[in-house]
Amino acid sequence: MKQKLIDLQGISKSFGDNLVLDDLNLYINQNEFLTLLGPSGCGKTTTLRIMGGFEAPDRGKVIFEGQDITNLAPDKRNVNTVFQRYALFPHMNIEENIAFGLKISGKSKQYIRDKVRYALKLVNLDGYEKRMPDSLSGGQQQRIAIARAIVNEPKVLLLDEPLGALDLKLRQDMQYELIRLKNELGITFVYVTHDQEEALTMSDTIVVMNQGYIQQVGTPEDIYNEPCNAFVADFIGDSNLIDGVMLEDKLVEINGTKFRCVDTGFGKNRPVDVVIRPEDVELVIPEKGILTGTVTGLIFKGVHYEMDVEAGGFTWLVHSTQMFPVGSRVGLYVDPFNIQIMNKPESEDEEAVQGEE
Amino acid sequence: MKTALQRIYLALIAIFLYAPIGVLMVLSFNESKSRNHWAGFTTKWYVSLFENKQIMEALYTTLILAFVSAAIAMVLGTAAAIAMEAMGKKLRTYTMGVTNIPMLNADIVTGISMMLLFIALGMRLSFGSVLIAHITFNIPYVILSVLPRLRNLNPSVYEAARDLGASPLQAFGKVILPDLAPGILSGFLLAFTMSLDDFVITHFTKGPGLDTLSTKIYTEVKKGIKPEMYALSTIMFVSVFVLLMLFNGISSRKSAGRAAGKAARSKKADRSETDR
Amino acid sequence: MKNKKNIWLSGPYLVWSAAFVIIPLLLVVYYGLTAKDGGFSLEYITAVTQPENWKALWLSVLLSLVSTVICLILSYPLAMILVRSRLSSGSMIIFLFILPMWMNFLLRTIAWQNLLEKNGVINSVLSWLHLPAVNIINTPGAIVLGMVYNFLPFMILPIYNALSKIDENLFHAARDLGANSVQTFVKITLPLTVPGIVSGITMVFIPAMTTFVISDLLGGAKILLIGNVIEQEFKQASNWHAGSGLSLVLMVFIVINMIVTSIADKDGEGALL
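From first to last, the protein sequence lines are chains F, Z and X. Heads up: the first sequence begins at 0 in numbering that gives the first Met the number 0, then just goes up one per residue. Heads up: the second sequence begins at 0 in numbering that gives the first Met the number 0, then just goes up one per residue. Heads up: the third sequence begins at 0 in numbering that gives the first Met the number 0, then just goes up one per residue.
The set of hints was computed from the structure by calculation and includes no laboratory data. Not one of these hints is a red herring.
Straight-line alpha carbon distances no greater than 30 Å define the calculated DSS-like cross-link-like pairs of lysine-lysine that follow: (1) X/K117 / Z/K222; (2) F/K120 / Z/K173; (3) X/K117 / Z/K221; (4) X/K4 / Z/K88; (5) Z/K221 / X/K234; (6) X/K3 / Z/K89; (7) F/K106 / Z/K173; (8) F/K75 / F/K154; (9) Z/K225 / Z/K43; (10) Z/K52 / Z/K221; (11) F/K120 / F/K154; (12) F/K60 / F/K181.
Only chain F is shown next, with the shape it has when bound in the complex (with noise of 0.2 Å):
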């Protein structure tokens, strides 16, 4: 059985004249990996940082276990948080560090030596203690912070872009490690982050923000195959992002093409945005497809190919083990399944906020 842990209620933020949550409203299940990712200035953070208690919210409520934290300062709460920049003490060692929470609440010293050896065991930095913050690596800085927070066995860890500044191969060792951290310690994790494979890696529940809104909450697979609207779609993975009428049910046209799809009620003659994933387009012997086209651009991405295709008055972005070489004439061929159909934004307000990105 799911418990709401954190439940945030129609929270609305501005610093000065810029409004950076409107009415959010979002919450958290014992035991989660939630993610809340999105661009840069899009109130992640900013959410973030009014559950650990380090920004009050003009309007709305932060509850935490039943009770009303709103107002609650930082050392009163049961979370811990994981700053951007590590923020490790420059002046003490890395077992002061880890040792500070459990000072401030007069823990005894033996319960301490052991807490900081179990800590730091388990982001498998033993033999540390001794050491100053600045003669560690990144990577090892970011493993002490969170040795850190986790100490205090806090209900939630709160992560603020942890490995925003870690290169890539260490950034990847690092998803892998707090996952098994996660899954060790049985606590709910919140993370923020502007990378949607970190994302889509890590987490039980994405949170995809966009300029103080929430576009969508889901599953890491229905937030990649069912984006809900065009922001989702476009951020999260490439894709083709094309303008096209819902002629009837299970039917769209797209640039006068008709493709056969799955979605129904939409009504007819209806124009939605439609969404077709690189992978998912097919490319085959031009008179297979359901439209032909020619090559006009080619790179080898390692795993796949990526081709740029003309067809039908529109450059299809094509990911494909199989190699057309520039020029080629080749058939486009698109499963009804992998046809994901979305609703036109309605408000010049969410129009705007395509147009951002």
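Chain F is fixed; fit chains Z and X onto it per the hints.
Only chains Z and X this time, still in chain F's reference frame:
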């Protein structure tokens, strides 16, 4: 060739800056009371110095004044610097402007302006008035020493301490203050030295009967400076020189060692991380 | 730490500054603009045009300008050498400022008498080298020397700071793009150190122009600078109105300097230290 020229140039400037100091040191060992001729080597001034009540009193006043004014300036200046870091651009610019006034203003104008204030207030010109004046010109040095440290502070460090359960006061005392300490300390030392070396402002804000070393020397100029003054200055200079050498030696060895260790360790760390 | 509540911590300092910086300056303005009977009067401002005052002011400006130029010429190459030697600015501050100050500034200045006298150290060395003697003691030349000696560090430090802030790659880039070393200096180094030069100039010019001690000690008490006139008005004649009036004239120069400094120090970093 080029570096040789550079060395010669450096040496010439160093001689220019330190030659008078050398002269004074030599004079402190001169048998004659006159500074114009050499009458043989003696260390007697170093003994009689401690029997000269006036000089000892002036020394005492100078040191107390420097210490108290630097300490008070340290507190006020550090608080002001922390506040300035929190200010918006406009307010900050104004505060910086006020801070620059004592630094850019001519000492003579600062001195007479404060003298006019003390007299207008009916205050007796004495230790108190000189102390206020010294605090006033010392605060900017503290602020300008602390501000860069504050700017380099990782803003999340304070929040991290709060996050880990520290109250605002604990977070400040355990995390912020230790981080600012080098800036605060160098501000204090700078202020102490400035106060020690000041003549002009003390000259205008002091009353009769009170003398610092500077004002004492100024009154002696016409009658002839007592050789004990040279001896005292030499002692002060040499002791600070030795202290600084010791301090610098320790801190540079420490930082050099740390840097070397850091380089070695980070190499190792890189390897272990790419290995995995 | 950027907590807005922290702004209140500046309260004591701002109150202190208002009481002991701003109000005293307003008092100077008040005394400078009033006569002895307390009525408004410009007589003590216009007193600056009296021949002996005018002469003192003119001499002050002249000598301090000369000193400033000499300081600049000496400092720039020195700062460049120091930056290349990668001396830490900390040890430089100690070497230039802190350490000499522990030898009293009056004594250090008096020591120049010993060095400059007819039979002093410098002339002994010169005659040993069979060079002509210099006789500048008790002349404006000695005062200029005293000014340069006392204020040279204030020129070196800001230029050094400005130079050490320049990213070395800029020089490499300039050379890479075909500039020779002179062109690199003129087009890259010099423009980037203008703020340092400006603050150096203000830090030397004002104290030099307003000094009364250096002229007292090295000018043989015969040469009066504007600082000497003001000092005598206050300490000997006890004529505060006259002293304040002349101080106001000085403040015109100081204010111009402050404005120039604040323009050079655009980011409010406090370029002085």
